[in-house]
Structures are given as structure tokens and as C-alpha cells.
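**Student:** Given chain A, put chains B and C in place with the hints provided.
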Amino acid sequence: MDFSFAQFLHELWIARVPLLQGVGITIASAALAIVAGTVLGVFVGLALTYGAAPLRLPMRGYTDFIRGTPVLVLVLASYYILGTAGIQLGPFQAGVLALAVFCSSHVGEIVRGALQAIHKGQIEAAKAIGLTFSQTFVSVLMPQAIRQILPTWVNTAAEMVKASTLLSIIGVGDLLLASQEVISRTFMNMPFYLFAGFLYFAINFGIERFGRFVERKTHIPS
Amino acid sequence: MTTNPILEIRNLHKHYGDVEVLKGVDCSMQRGDVVCVIGSSGSGKTTMLRCINMLEEFSDGSIRIDGEDIGYELRDGRRQRKSEKEVARQRALTGMAFQQFNLFPHMSAAENVMLGLVKVKKMTRDEARAVAEKWLDRVGLLSRRDHYPGQLSGGQQQRVAIARAIAMSPRLMLFDEVTSALDPELVNEVLVVIQDLAREGMTMLLVTHEMRFAFEVSTRVIFMNQGRIGEEGDPKEMFLRPKSERLAEFLKNSSFH
Amino acid sequence: MDYALNFAAVWRSFDKLLQGLGLSLLLAVGAIAIGVAIGLVLGFALVSRHAAARRLARSYVTVIRNTPILVLVLFVYFALPDLGLQLEGVESFVLTLAVYSGAYLAEVFRAGLLSVPKGVREAGQAIGLTRWQINASIVGPLMLRNVLPSLGSTIISLFKDTSLAAVIAVPELTFEARKINIESFRVVETWIVASLLYVGTCTVLAALFRHVERRLAVPR
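Protein chains in written order, with numbering that gives the first Met the number 0: chain A, 0 to 221; chain B, 0 to 256; chain C, 0 to 219.
Hint data in this document are derived by calculation from the structure and do not stem from the laboratory. C-beta: ideal position from N, C-alpha, C; glycine also. Just to be clear, a hint being listed does not mean it is correct.
[To be verified] Derived Cβ-Cβ restraints for the label pairs, each shown as a range:
hint, chain 1, residue 1, chain 2, residue 2, range
1, A, Q115, C, L207, 18 to 28 Å
2, B, E67, A, P150, 42 to 52 Å
3, A, L56, B, E67, 37 to 47 Å
Chain A with its partners taken away, still in its complex shape (with noise of 0.2 Å):
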């Protein structure tokens, strides 16, 4: 290598702006990624553990598709398909988009697992006292199904941080291609690719200490 510690930090301090809105970038991707596929994973997940065959079996089919392909495949079939072939959709709605849906097949597997882990009789002592199946999906169901979906939820957030990088393929501005916009003027490849690393790695972390600390939380004394 025939560049100093001292001119890599000189680079970092010139690239800080495009540097730091690719963080900006990813976090928000992620997030909205992370908050949509929620939301469709929950009703995903609802559909497959109670619903009617005519409602269930074509959302075990969407999942299973969805989960059996890698995600660049959506991450590119997303930005072709919507970004040229009729909707005017741009690289960042396109990639937010397939992250979104990949995230909601995962959710919802989560919640699906987690609900169908109640045992049986749960519901029929609810059922016992008189509750009705609302009442006792909010009290007896979900307050149990929650705790076994949160941690392996935050897991799959870390997953999304991790995922928005394939973003950077489709040109969009994320911390990667930030990089490697400074990587292409300076040639720096090893300090810049290190940085980048290092800083997903302390996103991810930062997101897997959290979700320690939430099943600390959430433990129910035994």
C-alpha cells in the first residue's frame, strides 16, 4: 500500500458529506424496509395461522416463493420490472420495495411460528372463561406470541440493515456506494471497504445488543 493512516483520514474528511447521507440513506431504507415488512408480515402471518384454506394456501405459496429466492433476484427483478416495464418507480422505492417484501415472508413465518407454539389448551381455557376469540387473541395470544417473535424480529431487522447494501447494485446512494465513489477517486480499496465494514458492523451490534436487552426485558420469571 503506498498511502499513510494520516491520508486516509484526510480522504474520510473530504467524502464526510456523501459519506454520511450514504448512512443516512441505508438507515432509512432499512427502516422503512424493516416498518412495512412488519406491518404485511403481521397480516401474513394472521393469514396463515388462521386463515381459510382460500386465504392461507396462497399466502404459504407467496411465502415459500419469496423465501426461495435469493434477494438480489427481488432487489433487481423489483428495479427492472417497476423502474423501465410501466411504473415510473425510482431505484431507492424499487429496492425499498423487494426489501419490504422480503421482509414481510420472513415476519411472517415469525408470527406464524410463534402463534402456532401456544399450546392448544390456552385457548380452550380462554375459551373456558367465556372469552371470545378477540379477546382472546389480545390478552392470552399475542402477549405470549410477541416474546418469542421479538428477539428472532430484531434478528431479521439486522437482516435488512445488512440486505439494504444490495441496493448499492442498483445505483442507489447507500453507505456502500458512497465507499466506493471515494474508493474510485482515491484508490484507497482497503481503507474505505475496512471503514464501510466496520460501520455496518457496529449497526449491527449496536442492533443485536438490543434485542438481548428486549429478551432481558420481556422474560417471564420461571
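**Tutor:** For chains B and C alone, coordinates are given in the frame of chain A:
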């Protein structure tokens, strides 16, 4: 003076697909009766119990609690199922304790008992707490009111489950093999609670394997066999002088002597 | 929007897609084979009595699992040459995916090792077996049975990650699909077919794993 029987079952039939599990069961109970239902597995005793609070649907016949038709009614000449909301309301007329306790693990003992009081009986949280504590005390577990099910022994959990059911002031208490899942040394504490409730005049229907308990505590015993009532009567009479072969066979193979 | 579905263009290039799929599978096999070896070593290290081994393995796993795979791919391909390690696309990607797999498989194996009852190891010690023998003949095989379900799903997930090789111009399935998409403008058809190929392969892999699970299951 005639009073409505608390429970009146007439010609109860139930099918599981092709198999008929209940083949025309008749039963009635007055206030204060303590009836034990015995029989081998597959005899239909648990199914009959679960039809009373509509945890199982039944195909034909009628069940009346305090004169009210449960689950189904005759509308426009056809037998139709009542609405889910109506069925939920009717379920609160009875209380049920399960073999697996089925306490809500994410709630303390007190909260388990309070849930129905708040959501179904529409009490305020303070009112519900007072009632819950009264019944937890009744089953000897007031000191455990803030414990979670995971922190309680099997016998304690079952007593909380019984408190949860009784706190709803049901007309009829249903017990579904409530001691079968307990370690032997924990069975007695539950039976003592049930015996006390019986002495105080609670109307109860118990499916049980505890023959000694049935012999000593019940006012009547029903022996079920292959979806029908095989024999019915005073426990002392039935156990010591069984009239049918099947009952004699059953008593011989059970732990009662 | 009028867009008539026409699969002819995609069908004509279907052989290219299959070639791409073949390369995807090769990349997966190569990387996962190495990854399993790394994962086994790390898995044992994570539950080892030696704190140093545990800490080293834990650091490796934590760093890799929290870094986006795309960053790793680009790092190995573009940044490592700065240190003198210049690799072709395929080799570079296999190395990256192997290192990546190792971290995830380490967690799978760690969970598997923890699920083997301690008494089993003690029984081995009582007979006089060495640590090595116990691990190889008793703990290892038992762990493998417990681990098959999550091993299967992890491997299927890693197979899907081979799509990242497209970013460094390795001609696997996603790369070929993108080429066809650009050349034929058949956006919807191309990606439907590409997706179906991935989903189909994953389904076959899942069925294979279930079969292996059943074959290896301890008779009850």
C-alpha cells in the same frame, strides 16, 4: 316447588367423521349435585364434558343449563348453531378445570384469575383483584398471588386453575381429570379443595380416575361405556354391587378395592 | 400498461440459465465444504474449556455475522489485492462464501454440541476413551443428527447467497438472468424464470435434507 335442573342433557350425539363417539346420552343434575363420571378411555366421558361448554360441537340432542339451550337452537324449524358471541357468553355459565391446568404463563396467579372477571364480567381491576384474592385464599394460595405459573408446583397450578374457574361464579363446575397429570404426592391437595367446594354446595361434574374420591365424595356416579351410559346411581351401591359385567370388569381393573 | 407475456426469448436462452445454475451449485458446494470444516473447528472452539479459544472463535463469528456479505465479497475481490492477494472471480467468491459460511455454521454446530447430554461424554471417559476419540466417535455423530434441520436450512440459505457472485461478474444464475433481462427487455419473464429456478432448487435441497434426516434418525 319445581326448580330447573342445573344441567339437562337429552339424547346427546356426537360424530367424529364416521365414528359416533356419543350415542344418545341423557343426564340431569340438580343444584348441589356432585356427579363423578368414570369409564375407560374412549368411553366418551371427556367428550360429553367438553360438549357442555361447547369446547366440542355436538351433532344432535340438547344440553340445557338452568333451562337455557346451549350452543344450538331451533330456528325456522332447523337446528342452528348460536353465534360465537352467544356461545362465549354461555361458556361463562360453567367453569372448567383441565388436566393440563392451562394457566396463562405470562400472567401471575392473581392475573390469571382476574382476566375473566375484567373481560367477561366487566369488573374494574380493583374489584377483580379483591375477588381473585378471595378465591386464591380459598384454595390456600393467597401468598402466591404474584407468582407466575412457572414458579408453582403442579398441585399449586391446578388449585389456581380451579380458583380461576370458580371466581367466575359458574352455575356448574366441570373437572376434566384434574389430578391425572399430577405427581402422586400433589394429588391430595387438589382433592381436598374439591371436597371442600362440594361440602359448600357447589354443583360439580367430574371426569375422574380417582375411584376413592368418587366413592367418598360424589352424590352420584355415572359409568360410561362406548358412548353410552352403562350404569348410574349411588356410588356405594354401584361400586360394591355393580349391576353390569362391564362395570364390574372396569372396577376390577381400576385402583379401587 | 400493456405488456404481453412472452417467454420465447427466455426459453431460447434457457440453457444459459441452466449453466448459470450449475455454476451457482458448484460455488455453493465448494464454499460450503470449506465452510463446514471451518464451522466444525469454530463450533468446538466456541464450547471449549479454553477461554482463549472461545474468545477467538466468538470474535470471528461476531465480526462476520454482523457484516453484510456484499461488503465481504467486494472486500476480498477489490481490497485484498492491495495486500498482494489477487484472485479470479470464482476463487475470490468461493473464499468469501467459505469464510462467511464458517461463521454461520459455527453457530449451528455450537448449538448441536450443546444439545448433546453431558452424561454421554462422561460415559465415554468412564470407558477410557481420549478426548479426541470421544469427540469423533460419540459426540460428533450425535451432534450431527441433532443439527441436521438447522444445518439444512443454513445450507439452503448459503446457496441463495451465491447470487452475490453476480456482482463480481461471475457467470452464475443471477448474472445470466440479468444479461438476458438487459438484452431481451423481457423483464417480467426473465425474473420469474430465474426465481422459479432458485425456488425449485431450494425445494429439491429441502426434500433431500428431510430424506437424510429420516434415514439417519435413531430408531424409536
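**Student:** Now tell me, hint by hint, if it's right for this structure.
**Tutor:** Tested hints:
no.: 1; hint: A/Q115 x C/L207: 18 to 28 Å; result: holds (25 Å)
no.: 2; hint: B/E67 x A/P150: 42 to 52 Å; result: holds (47 Å)
no.: 3; hint: A/L56 x B/E67: 37 to 47 Å; result: holds (39 Å)
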